[in-house]
Amino acid sequence: MRNKGTLALLVIALVGTARGTATALNVMTTTEDLASLARAVGGDRVSVESIARGYQDPHFVEAKPSFILKLHRADLLIVVGRELERGWLPPLIQQSRNAKIQPGADGYLDASLNVRILEIPTGQITRAMGDVHPLGNPHYWLDPGNGRRIAQTLQQRFARFSPGDASYFAQRYAEFDRQLTETATRWDAMMKPYRGLKVVTYHRSFPNLADRFGLDVVGYVEPRPGIPPSPSHTLDLIQEMKRQQIKIILVEPYFDLKTPNAIGRETGAKVLVLPPSVGGVKEATEYVKLFDYIVNLLATAIKETGAR
Amino acid sequence: MQISCFRFVLLCVVPILLAPSGARAEIQAAPASADDVAELRKEIVALREEYNERLTALEARLAAVEEKTGEQPGVAPPESAAAAPPPAPPGPAMPAVPAALSAAPSGGDQAAAAQLPVYGTPTSKILNPDIGLIGNLIGASGESRGGSESVAPFPFMTLQESEASFQAIVDPYARADFFLAIGQEGIEVEEGFVTFPVLPGGLMVKAGRMRANFGRLNAFHNHTLPWIDRPLVMFNLLGGATGDPDTGLKDAGVSVSRLIPAGNLFLEATGELYQGDSGTLFQSHQRRDFAVVGRLRTYADITDQTNFETGVSYARGHNDAGSAFTTELYGVDATLRWKPLRRAIYRSFVARSELFWSRREEPDLRHDAFGLFASADYQFQRRWFAGGRYDWAERARDASVRDHGFSAVLTYWPSEFSQVRGQYRRTRYGDGRTANELLFQVLFTIGAHGAHAF
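Order-wise, the sequence lines are chains Y and W. Numbered by the numbering used here, the letters in the first sequence go through residues 136 to 443 in order. Numbered by the numbering used here, the letters in the second sequence go through residues 127 to 580 in order.
FYI, nobody ran anything at the bench for these hints, they're computed from the structure.
Covered stretches of chain Y (chain W as the covering partner; in silico rule of three or more C-beta atoms under 8 Å from a C-beta of chain W): (1) 199-205; (2) 230-241; (3) 359-369.
Capping the alpha-carbon separation at 30 Å, the derived lysine-lysine pairs in DSBU-like fashion look like this: (4) W:LYS465 / Y:LYS205; (5) Y:LYS424 / W:LYS465; (6) Y:LYS235 / W:LYS251; (7) Y:LYS327 / Y:LYS405; (8) Y:LYS333 / Y:LYS405; (9) Y:LYS417 / W:LYS465.
Pulled from the structure, derived: some chain Y residues nowhere near chain W, Cβ distances all over 12 Å: (10) THR158; (11) ALA159; (12) ASP179; (13) ARG180; (14) GLY258; (15) MET325; (16) PRO328; (17) VAL353; (18) GLU375; (19) GLU418; (20) THR420; (21) ASP427; (22) LEU432; (23) ALA434; (24) GLU439.
The structure displayed is predicted, hence computed values, not measured ones. Quick reminder that beta carbons are idealized off the backbone N, C-alpha and C, glycines included.
The shape of chain W in the complex, shown without the other chains:
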């Protein structure tokens, strides 16, 4: 880099230095006598010699510099060293990109070495985490509060949450992911955890605040859902805080997972230990009121384009009735996916269902509640998706109250980075009232946009 700059400067400077001297000579020579001309010639010759000397000196210095930094990559494309080098490419030869430009971490320090010193070393920027922001504007009309004030109320318009993500490799052993949910009430750490992906014994360990691996949907962030809202069963049985549209099991803890060898069958076991505080579901009254979550997940390809995934989950924690009372959750989930490889960007289909059982202990009695959702989504054009969802759920604190509903969803993707969605939701609440609502959502992403989980 330095060398080529130097060369460039040299190439520019030399003609500039030489040119005006010639021009000056011409102007002065016109009215002058023969003697003057001879004098001037001498001067020019002297000047030229001087410049030649300077030039040689500069070239010598250049050569010295080149020799010193000769092993630095990036000036010439590394040609095949074998007997037959590749035929010269037609058209203007373009140098290969220096390795320093590549995304590989090994290139980073070389790029830095070639830069001039500036305030804040360039590496500090290279090593910044990937930052992304996702805006999630939600609108609702119709009987917005439905029959129940407590079940997922949506206001007329709200920037429900903006999710800021910060993701980077920590060191050769770990990476870190932070997701901050910036809502109208403030900032909450939605997730913030470190992952050790390659521990001995084939273990992967995560530690921090996480959405628990309970069932399939619980780990999804709001903006990756195939709907605007979360299924009723998640409000009723995986209890978020009242009025908080973002429900689900999330807490601070440690997660350990491992692949279980089973031939060509994908089998993954996860065990998680949490502090024991999650929305209205779990409440920790003392230190040993921790919560545990376990999950066994299996996946198989049926054909190249169709696959099936299923899992069972278990969670247990203490509830708000006191340290002596626990809530246990059992879950079963299944997902069927279809995506033709050749037309993958135009057509796809996903059907999923999850069933949850909740057993909540209270001072005099025990509540056994059940709930489920089942949904299907079909992509019928490159940018269009249509889907539907059926909800049925008893309430964890009073299983005799049953809510059920149906949603129809239409999604449009202008690009990978934005999404417009409409959802019609009809819910029949357990207290006898019915809500008809039209929900509307605009999602937009700026900055880093990580890969979507499968």
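Extracted from the complex, chain Y is given alone in its bound form:
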């Protein structure tokens, strides 16, 4: 008799309602960088939303049930991959009840599969190294070359989903490619005088950026990836920075500025909050503008500090 209540619950659970069908391809991305690239290629034929905000640490995003709802309705999920989202994405995908975006399905796209990945660890990997990414550094999107490769992958995948719009996507991709090539030439020219400039960063978020523009990252505020600053490491870092006369510290917007500022005071270095993602600062509204912002910020700071 008492089972009736429970059975009622079960019945509610089993009663289905048809999902609304939208005309545009419904795309979810894990980060705003991927969202920006998806918008660049997809135009008005796709609707795109990102789970993480650009000023959030992409390693630590809360797996909120509201994201489950959004994934439930998605046609395509684009992820950064390389285990960046390992701590929060799997339960969201599993609970989405959406067969289209399960890993292995067509609607699950790992954007890292044909980009240039740096810092792939070799030899024995242990957690004594901190929060190490065995598949290489997942902050790979900060290289225009990789942005282009991702955009191209997106173009192909979008075309597979809406073959009728294939030429539209191809045209948008070509336009993005042209714009990126043009602006990249300008960025390269701006950064050229500073090749070999030594910098310190908080986390290992900028290897591809450094590689592209010839910056030399000689140290990190974190003693190991994912481990917060320790006094002894900070002292070592200060000495090393004084010895090598390093004048620039790059910090992601989601880290505490206390230690970087202290190091800055001690060494005379300038602390720059450098957004690694679209949306990290309000000026960086899209992929190309993110580089505009970063390159301008760097060039200005280098001039100010006279760093070399």
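The hints should help you fit chain W onto chain Y, whose structure is shown.
Only chain W this time, still in chain Y's reference frame:
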């Protein structure tokens, strides 16, 4: 992979083959006559020709091999095929990672194909489940037994349980999770279930032994609790075995859940059917003495950084008084969370409360008991958390006995993989005695460390 190895060997072998012949010639040439020198020259020329021939033959073979396996991925980075290829990267060119290295399951067989045969195919290791082990050392001091021998006694020191987890994808339709609790008395399957996440109709089905979806906390594993112990109300009303610190509703059965469309409101309904044996709470005397659990859960974002979740739960099963007697449970739970997105790794706050009502039938009478807990936890630094909990609970078998208590908790996280925690617990038991206890815990994780449930 094979090709580049081959090339490497070739590059190494050729100079080695060529070098000693030249050296030998020099040594012998010094004291020798002009004739000898001419002879030697001839020999060297002959040798060189021979090596050249061999080299060309090898190169031809190499080319053939390359052609055969040309479509294999991984040697050169897949450059943009469009009109404008990306500008050449500065610095040493690094090849992109072959797709085989990626975590995507599609890459697995390609990696295997390129390996030399070894005992136990490499795929057997790739497809092994993710294995993790969590150690949970607990210490207690003070009046360790408190006023009640039966309510959650902690010994002075105990490796209360080590949890071994084995998790993997079964096939394109299912995944499996096993959690074995290895305690001092033996091994118990804490949970072991298969999940079908994408069945038709938007259903998700789990089958196996599970912690039931009754209330919020019941589904938590011990090491994910924000305290060392479980709230009193779980001991009193969700009855674990006497003396077993791991209480809660867990049983073998099937769970079906579904999202209910409600605009932007997250609404999830779960129905579960169990064998009907769970600690001292439910006891199955015959096959049809099964237990049922139902839960309706809703969640809403208040702002980007604040959200609220609430749920109602129901459970019913037969108790140890006999097949004709049932215990019914009702639960209400609420959780408020705050976490600023930009400072997510430094600050957070969670307040939660659960209320339980129990109705237990016995041969001559019925016990209606009530209990609750309310708690708050605040993260005030990247590695530090402080919290408190209030407990109030009647006992399921005698509602006139009321236990209540308060706990204060301080937690330190050296990293995501270890945790040190202290808890002061003051409990006033229904029989009039009061216990003051200091609990201490060290948690450590090795191996795979899955994502935490929200």
